Structure formats: structure tokens, C-alpha cells
Amino acid sequence: MKISAEEIKKIALLSRLNIEDDQIEEVGKQLNDILAYMDLLNQVDITDVAPTAHAVSMRNVMRDDVPQPSLSNEKALSNAPEPENGYFKVPKVIQD
Amino acid sequence: MKYESVIGLEVHVELKTKTKIFCGCSTEFGAQPNTHVCPVCLGLPGSMPVLNKEVLHYAVKAGLALHCDILPFSKFDRKNYYYPDLPKNFQTSQYDLPICLNGYIDIEVGGKTRRVHLTRIHMEEDAGKLVHSGASIDTSDTTFVDYNRTGVPLLEIVSEPDLRSGEEARAYLEKLRSIMQYLGVSDCRMEEGSMRCDANISVRPVGSDKLGTKTEIKNINSFSGVQKGIEYEAVRQAQILDEGGTIQQATRGWEEAKGITVLQRVKEGDADYRYFPEPDLIPIEVSKEYIEKVRAELPEMPDARRQRFQDELGLPEYDANLLTLEKQTADYFEDVVKEGIDAKTASNWMLGEFAKKLNEEGVTADQAPVRPAALAGLLKLIAKGTISGKIAKKVLPEMWSSGKSADDVVKEQGLVQITDTGAIEEIVKSVIAANPQSVADYKAGKKKAIGFLVGQVMKQTKGRANPGVVNQLLTKNLE
Numbered sequence: 001m002k003i004s005a006e007e008i009k010k011i012a013l014l015s016r017l018n019i020e021d022d023q024i025e026e027v028g029k030q031l032n033d034i035l036a037y038m039d040l041l042n043q044v045d046i047t048d049v050a051p052t053a054h055a056v057s058m059r060n061v062m063r064d065d066v067p068q069p070s071l072s073n074e075k076a077l078s079n080a081p082e083p084e085n086g087y088f089k090v091p092k093v094i095q096d
Numbered sequence: 097m098k099y100e101s102v103i104g105l106e107v108h109v110e111l112k113t114k115t116k117i118f119c120g121c122s123t124e125f126g127a128q129p130n131t132h133v134c135p136v137c138l139g140l141p142g143s144m145p146v147l148n149k150e151v152l153h154y155a156v157k158a159g160l161a162l163h164c165d166i167l168p169f170s171k172f173d174r175k176n177y178y179y180p181d182l183p184k185n186f187q188t189s190q191y192d193l194p195i196c197l198n199g200y201i202d203i204e205v206g207g208k209t210r211r212v213h214l215t216r217i218h219m220e221e222d223a224g225k226l227v228h229s230g231a232s233i234d235t236s237d238t239t240f241v242d243y244n245r246t247g248v249p250l251l252e253i254v255s256e257p258d259l260r261s262g263e264e265a266r267a268y269l270e271k272l273r274s275i276m277q278y279l280g281v282s283d284c285r286m287e288e289g290s291m292r293c294d295a296n297i298s299v300r301p302v303g304s305d306k307l308g309t310k311t312e313i314k315n316i317n318s319f320s321g322v323q324k325g326i327e328y329e330a331v332r333q334a335q336i337l338d339e340g341g342t343i344q345q346a347t348r349g350w351e352e353a354k355g356i357t358v359l360q361r362v363k364e365g366d367a368d369y370r371y372f373p374e375p376d377l378i379p380i381e382v383s384k385e386y387i388e389k390v391r392a393e394l395p396e397m398p399d400a401r402r403q404r405f406q407d408e409l410g411l412p413e414y415d416a417n418l419l420t421l422e423k424q425t426a427d428y429f430e431d432v433v434k435e436g437i438d439a440k441t442a443s444n445w446m447l448g449e450f451a452k453k454l455n456e457e458g459v460t461a462d463q464a465p466v467r468p469a470a471l472a473g474l475l476k477l478i479a480k481g482t483i484s485g486k487i488a489k490k491v492l493p494e495m496w497s498s499g500k501s502a503d504d505v506v507k508e509q510g511l512v513q514i515t516d517t518g519a520i521e522e523i524v525k526s527v528i529a530a531n532p533q534s535v536a537d538y539k540a541g542k543k544k545a546i547g548f549l550v551g552q553v554m555k556q557t558k559g560r561a562n563p564g565v566v567n568q569l570l571t572k573n574l575e
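Chains R and Y, in that order, give the protein sequences.
For the first sequence, the working numbering gives the first residue as 1, with consecutive numbering after it.
For the second sequence, the working numbering gives the first residue as 97, with consecutive numbering after it.
Derived lysine-lysine pairs resembling DSS-like cross-links, with alpha carbons at most 30 Å apart:
| hint | chain 1 | residue 1 | chain 2 | residue 2 |
| --- | --- | --- | --- | --- |
| 1 | Y | K175 | R | K89 |
| 2 | R | K75 | Y | K184 |
| 3 | Y | K314 | R | K89 |
| 4 | Y | K476 | Y | K500 |
| 5 | Y | K184 | R | K89 |
| 6 | Y | K175 | R | K75 |
| 7 | Y | K225 | R | K89 |
| 8 | Y | K184 | R | K92 |
| 9 | R | K75 | Y | K114 |
| 10 | Y | K175 | R | K9 |
| 11 | R | K92 | Y | K225 |
| 12 | R | K2 | Y | K175 |
| 13 | Y | K171 | R | K10 |
| 14 | R | K10 | Y | K175 |
| 15 | R | K92 | Y | K175 |
| 16 | Y | K314 | R | K92 |
| 17 | Y | K542 | Y | K558 |
| 18 | R | K89 | Y | K114 |
| 19 | Y | K354 | R | K92 |
| 20 | Y | K314 | R | K10 |
| 21 | R | K75 | Y | K225 |
| 22 | Y | K175 | R | K29 |
| 23 | Y | K184 | R | K9 |
| 24 | R | K75 | Y | K149 |
| 25 | R | K10 | Y | K184 |
| 26 | R | K75 | Y | K112 |
Just so you know, the hints here were simulated from the structure itself, not pulled from any lab data.
No experiment lies behind these values; they were computed from the predicted model shown.
Pulled out of the complex, with its shape left as it was, chain Y reads as follows (with noise of 0.2 Å):
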């Protein structure tokens, strides 16, 4: 039988505050353990917390830009279980006054849009770390906390089960990403965990309207491994059904070196959390002035800037789409634009050898040593025939790793190309007469053979005669 996936995702957020969201403490990453708490997100008696005003900010910003509801009075509440994560033994969220309810994202799958609405959006604050002591889990005896990350705030972004592809999955994460990080609330560093994602999957017959019996895949900490694991899970439920088997409502654990999920813990029913309103914390109104406040701090987002690329620098949607995934490539790419440079032409390096050097480096465009108006000189270069284009792509690993410019490059490495044709005539006269069986098969109609000599010449100048000049005369000295 066809199948297809139902999808919804979970996914929390880390905000990029100075601060904890009921303390004072640091939020910084990469402390020695336990050394940013404090009474309040140690859970001590008698210490009371108190909301940030920029967690509330972060939060009505994301709200606003995923289109949600604002909801002009919340509260949070406490959500009971016991884990040695939480010092309390309850973590504080909100339960049916979320800060944030509806709201949807377009995503672009396939050459299609497609809009996933969103269910809600909810404050809370982050749980420790549990580190185990032995080799693995199954050989320690002990547990060691670390309550750093206790109280670091988070939203927790729920979306409909709208979802039904891994692929759709992941353009949605990376959508939320993308938006996340324009507003500049969280850098949504998957691989560093401050965003993470819960996946609830089911399966069923195409045309069909029912649901089925979902499983939620955990420990998702890669883009590759939304779609990945998605798409596994979609295959394996669909075999026990076409073997006649039921679905186990459970939760799976992704295992990303292997690439398969492995069952965790089998669901019976909600897990009871006897939520309650917190005692110790203020409900928060929100007023129409605050929302319309933060309204006008909402800077060009995503779509309104692929929309421009295309319609202002006359980019393909393809290129434009590209370019404004990350807010660090599409804010260089504009700044490399700035300094004159065609669009098309700044575009074709970013997505082409300045990306390559990206992935190469593991870095993103704000951290690149080459900055835009360093690549913007290199482009010149080229746009004024100093250097071909080949070459370029040999000036910009050049240019990274030892910071210099690529005039300086081009200089001292004697890489200017030649102009003067009468020099490139005689190379050429001389590839000829060295070469009598490809002009012998370029003259009895096999064009292609034209591609030898070309590379024959570029071989002679090492690569530094004009590639087009080179093709004109060789046809002409041998016509």
C-alpha cells in the first residue's frame, strides 16, 4: 500500500539573553560546572523567581513574525516530574495560557510553497546537564549534574501535524532558523544544542483522513538528521503495516552513526505532569501599544529579502533563496553588491567558491577572514581582465589563509593575465605545429578537439591568457 507521513515538530529554542530567564545568572556557554547558579535556578528554599524583560521581548518578537496570536494575558505554570535535571523537580513553563497561540511558516519544497501553521509558542526555562561517569550510560553508577544550563530560556515552538515529508520537516527547520536568527534571538546552533527538535511521526494510507498511532523520534541534533530520521521512521512504520502489524505508540531515540531510530520507552497515555499555575511568578499582560512596539523592531525577514534580491538585483529566485537562508551570507552578500559589484556575478562566487571555502572551514560568512570588500577586490580583478576567472579561484584560498589582498595575490605571485595577443598568437602558432594529430581532427570536422589545444595553451601560460582570446585565435590559425 502507498503511504503518507503525518509530521508535527517540537522544537525549542534557545534565547540568546545575558541572562537566565527568572535570575540573574550568566547564560554564557562553556563555564566551569556549576558556577552560574544561584538559590533561584537551584531550586533553594525561600528564593523567589522573577520574569526577564527580554525573554517576554524575544518572545512576543518570534510571536510576531510567525504571524501567531499574542495572548494579551499569561502565565506560567509548573510542570511536575522528577529527573535529577530539574533541581526543583518541576521546570516552569506555561500550560494553557501560552504566550503564543496560531501563527504559521511558509516553507518552499520542490519548487512549491507550502504553509505549516503552528500551534503555539510557549516560555520556559532550560534543564541541566547530566554528565555519566564510565564509558557509557549502561557501565556508570553515577550521575553528575551540572546546573549551568538550569533556567537558560527557551520557547518551545509546536507546529500542527502539517508536516509530511523529512523534507518538508527539514526546509521547516531551516526556515525557523533562518527566521530565529534575522530577528536575533537565537543562533539555533543545532550541533551546539541551542535549538533542538522533537519529532511526532505517524503513518497512513494515502487519501486517508484518519491519524495514526505516532511515535516521537528524540535526540535529533543535526538538519540531516530531522529528514533522515523522518524518513526512516516513515519506511518502518509503513513495513509493520504492510505486514499486517500495529504501530507502538513509544518513543524512539535517532541514532545518527548508524542512521536508524531504536526504541527509548513505550508511551502509555500523557505522561501525568499535574500541571499547576506557579505560585511565585506574576501573570503578564501584554498590552496592544507593547506588541505594536515591538512590531516596528522587526527587521526585513526572509522572505521580504528574497523577494527583493529578486526584484531590486534581478536575481533568480534559485540564487535569491540561497542567499538569504543564513542572515550572515545574504548581509555579505549585500556589502560585496555595495562595493559595485554585478549581483549575478557576487552571487555566482558566493554560492559557488566563497560557500565551497565555507563548508571547507565549518564557518559562517560573518566569520570568514576574506571580507566582502576583499572578495569585492578579487571580483574587480577579474571584471577588469587583471585575471581570469580560473585563476581567481586560485587567489581565494590564497587570500584566506594568509589575509592579503588580491592584488597583493596576484602580484606576488606573477598571476596577471596576459593581454598582449601577439604573445599568445606565437603559444598558440606553437601548439599547432606541436599537435598534428588534434588539428588534423579538428579539420576533419571533430570540433571538439579544439578543447585539447585550448588546454595545451592555458598549460603554457599556466593558466594565465584570457581563455576566450585563446579559443578566437586558434580558430583562426587554424581555418
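With the rest of the complex left out, here is chain R (with noise of 0.2 Å):
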């Protein structure tokens, strides 16, 4: 398997990481690398197995429909670099 640099760029852009041209063969090979362990995975003949939805067996953890305190406005905002009226303020954004 050998990942090409138009899906390193890609990948790169999904996960907001700023990779520059002169780095794309490393971490191509580094990627690659990861690849190759997990087709060691791919061997595996996993015909009789169900999907493995969750790592634990617990199942229907759920809480009543009860109100709990909620964070004051001065806490909620208390880690934001620039609070405003209440609200946090972030540069503007168009959905894309």
C-alpha cells in the first residue's frame, strides 16, 4: 500500500495540520508504515466475528431526565481567550 501525496495534503487539511511540501515524503513514509502494521491486522480471518461496537460489554448506561446544575456564565467562559457580553467570541466564520 503506498499513500500518495494528494491523500497526505488531504488528510492533512481534514485534521487542521499544516504540513509543508518538503515534508510530505517523511511523513508519507511514516504513514506508510502504520499502514503496513495494520494490514498485518488484515490477515486475520475474522469471517464468524461481529463488529466490535464498543471495547466494554456494558450496555443501556443512562441517566433520568433530570435537571443538574449547570456552570455560571464567569465559569463557563473562564478558559475562553476573549469573552464578550457572555458570549465567546471567535473569529468570524463562514461554513464552507
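Build the complex from these two chains, which are given one at a time in their own frames, with help from the hints.
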């Protein structure tokens, strides 16, 4: 399996990672190593094995529909670099 | 060429739970920004979501009412995308094992029943609200984020591309709202955003069974907008094809004020959401016993109620249909009938004067200040002959604004119908004497002239005479 430069650029964009052109070869090599390792897993016969939905075997862990206290506005915004009028302020965004 | 539209709808319905889907924050609408938030819905490190029982309950209830298969095993997945309305950078949703598959909704359009199939229903969390500073998004340089809505439970209900017109799409949405309201799982107020709809539409030559390239219409926030947006888009696409062009796969926004759709973004293939199972949430198993328990809770649904109104109350299909569309209207109507009012009379008033008042005030029947017993009181006065139907139409708005009973309004304003035929006959005679031309017309065979004379008598009695009696007395005195 060989991952292309195009694929690396796409994955970088989806992950919001900045990868320079001169890094692509290095990153490609690392990703290929990982994929080769994953290939090893593909050799296991899983014909009769159901897909794993979750690592633990618990089911139906739920809570009652009862309100609990929320954080205060000050506390909610305490990690925000630029709170304003009770809001989180972020650079202008338009959905693309 | 003649084209037909192929339409599928994705509808988001906000569930009426007290708390959010994965945390105990309140879902109450209209709070100060960022006051219904906690580490879970803000996506702070180390916090763990836990599913709200009531969300599963409502989802199963909705699924059963919509004739879906409830999956015995279901799980949540992460849908990854970057946008500041999602503090976690992913939306917790359901991907390959949603709570419901298949199902259908029967709609009535143009006197015919059509079955619209559903693909699936899944549970997910709502995103936050973005507020743009400046006059418009183009002139603002910052965005404000309120995460109160983040984590409010939603059902996404996806239909098959079974709809063929804007009218059908609207009927589908109205029926869906009606069912959700009957179940009590959602308010489905499109204007307030508790029901949202995206429409996928393509057109194809009539007779073809190949699907054309589709566009997605977003930003629809009224029932009429759904219909008009789809109709606009169908015409736009047909024109492009007729001119030899091709449809561009894209998302288009509906602009209600201008009545047009505008290009928002071009779609190149499916967005890459990299779904994967949510490791922080435990999968759900739904037992047969649980499903049967929820099924037993289902109330009478709109279709059954409509049928009952026809069968037991003898209402025409048209009346039964309109009365059962909104649960509040149907409940109100039944309460009026329980007061001993004839069903058809109650229906005529509910769909006539009462509906007019509701529209004027922009309220639903349950919010009307004139309660069912009070409306029944008014209708009883007509039945007893105390007032005419015409006078009653003036009494209703008076009751609405003052909160007084029909009896009190009629007494205070002296609106009691004149039942003394002798007194009416006096007036009839004077009207005949004062209008020789109309009398001559009538005698010359223009039977319509009597209408004018009736009007004159009604005017002199300030509408308090019984029109039937007036007609009778006029005819008698003219012969």
C-alpha cells in the first residue's frame, strides 16, 4: 500500500494540520509504516466475528431526565481567550 | 419537455426533554447566553457524556408511531467537522446503527392518499448558536458563540425520495408535525427552530426512472417556505435542462423574502465526516418488552382521530381532516362537543370564525382566551334562538378581548334577538312602504330584490331580527 501526496494533503486538511511540501515524503513514509502494520491485522480471519461496537461489554448506561446545575457564565467562559457579553468570541466564520 | 420533481426531506425535530441529551443542563429556550452549559456540553477534557433515558424513550415512541423497525442494537458515532458551533469538533450522532430504520407516513394531497417511506431516524445532539457582529455576516469581523443549544436532543428523520411536488412536501411536514405533537415529543415550531427541514430535489423527464443531479435547499423556516422553495427550485432546474444546461450539485439557501434560492456552496462528492464509534457512550440494547411498553403508551394518532370524527361524529372528511391536523384544535373541538354542541355546528365555528381569530392573534387553540365551555355557551345562544349566527360573529371577538361570557356580552349590548313577530312585521311594512322601486322590481319577477328589503329590515333592527322570519314576513306582505 502506498499513500499518495494528494492523500496526505487531504488528510492534513481534514485534521487541520499544516504540512509543508518538503515534509510530505517524511510523513508519507511514516504513514506507510503504520498502514503496513495495519495490513498485518487484515490477515486475521474474521469471517464469523461481529464488528466491535464498543470496547466494554456494558449496555444501556443512561441517566434520568432530571436537571442538574450548570456552570455559571463566568466559569463557563473562564478558559476563553476573548469572552464578550457572555459569549465566546471567535474569528468570523462562514460555513464552507 | 415535461419534468417531474423527485424530493426527499431531512427533518430535524427538537425533543421536549427537560435536560440535554448527554448532560443535565436545562433545555429551556431563551436563557442568557452560555448559562445552560457544563463541562460535558462544552466538550471540556475529562468530561463524560451519559445518555438521557427520555431521549431514547421519545425516539422509540416516534419510531413506533411512524411504523419504523426499532433496532435491537444501536450505538452513537462521532461525526467530525470543524465549525465553532461544535465545541468538541465533532457532533455526537448515529451512523450505521441508528435507532430506527424504514417506516412511512401517509399523506393526503388532492383527495388522494400517498405513502411516503422513511429511510431512518437517528438521535443526535444540536449544535450551538452563532451570532455575527455587524450589520450582516459580510461586514462583521467576529462571531459570538452561545452553547446553550449545544446538546439539546434532536431526532433526524430522513425520508426516501418519494415526494413529487412542493405541495406533497408540505403535506408530509405538516403530517409529521401533527404526529410529533400528538405524541408530545416535540413542539415542532418551524419559526422557532424546533423543527428544521432540508430538502433534496432533482427533476427528470416524466416517465424516466433515472435520478437527475440534485440540489439541497437549506434555511427553510416555514411550511409555506418548504413548498415555495421546492417549487422555485423545480422550475429553475427544468429551465436549465430545457436550455441544454446541466444541474450543478450544490447547496442552495432559501430566501423567504425574495422567494428565491441562492447558491451557497458547490458540493463535490460527499463531505468527509470520518464517522467512528463514540467510545465515551455505551451501546443501547432495546428489548421487545421495552418496545411493547412504549407501544402501549401511544395515544390516538391523527389518522385514527380523523376517522373517528367521521364515523362517530358524522363529520365530512374535509372538516375531520382540518380539525385533527393540530392536536390542540382537535382537543378543543372535542371539549366543545362534550358541552352538548352539535358536532357539525361546532366544526363550522371552529373552522370559520374561531380559526380566523386564531390566525389574527397568531395563537393555537389551547392558548385562546375563549375556552371551549365559553364557545359552547355562545353556540347554545344561537341554538336557543336568543341571538342570530350573524350577531354571534360580533359577540365572539368581544368575548375574546374582554374575557366575558357570551350571555354577559349579549345582555350588556342588548343583542337579544327580536322574537316578537308582531314587532318585526311592523318594521317589514314600513320598509315595504319606503321602497316602492324594490317592491315593483320584486313583483315584476326580480326575486333578488327581496335581498335588499331583508337588508333594510336587518339594518333597522340592528341585526337583531331572525333573517328567516324577516324573509318569511316580507314574502307574505309582498304577495
